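Novice: Our numbering puts the sequence shown at residues 28 to 63.
No lab work stands behind these hints, which were simulated from the structure alone.
Keep in mind that this is a model prediction, so the values were computed, not measured.
Certain hints may be false.
What the hints assert, rightly or not - Derived CB-CB ranges, DEER-like: (1) W61 x V31: 32 to 42 Å; (2) L55 x V31: 41 to 51 Å; (3) A63 x L32: 34 to 44 Å.
Here a beta-carbon is modelled for each residue, glycine too, at the ideal position from N, C-alpha and C.
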Amino acid sequence: YILVLSGQRWLGAITPIGGLALILGWALLAWSAWRA
Numbered sequence: 028y029i030l031v032l033s034g035q036r037w038l039g040a041i042t043p044i045g046g047l048a049l050i051l052g053w054a055l056l057a058w059s060a061w062r063a
């Protein structure tokens, strides 16, 4: 949302990092639930 509202182009380079963190978080949650 900040990227769209502010128009700062450099924020577009940071966005994929958040997506990877989200996927990694879900993967770790699934792995820990599978091990339990």
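Novice: Now look at each hint and say whether the structure bears it out.
Specialist: Structure-based check of each hint:
1. Taken as a hint, the range 32 to 42 Å holds for the pair W61 and V31, whose Cβ atoms sit roughly 37 Å apart.
2. The hinted window of 41 to 51 Å between L55 and V31 is violated, with their beta carbons roughly 29 Å apart.
3. The beta-carbon spacing between A63 and L32, approximately 41 Å, falls within the hinted interval of 34 to 44 Å.
The structure does not agree with numbered hint 2 stated previously, though it agrees with all others.
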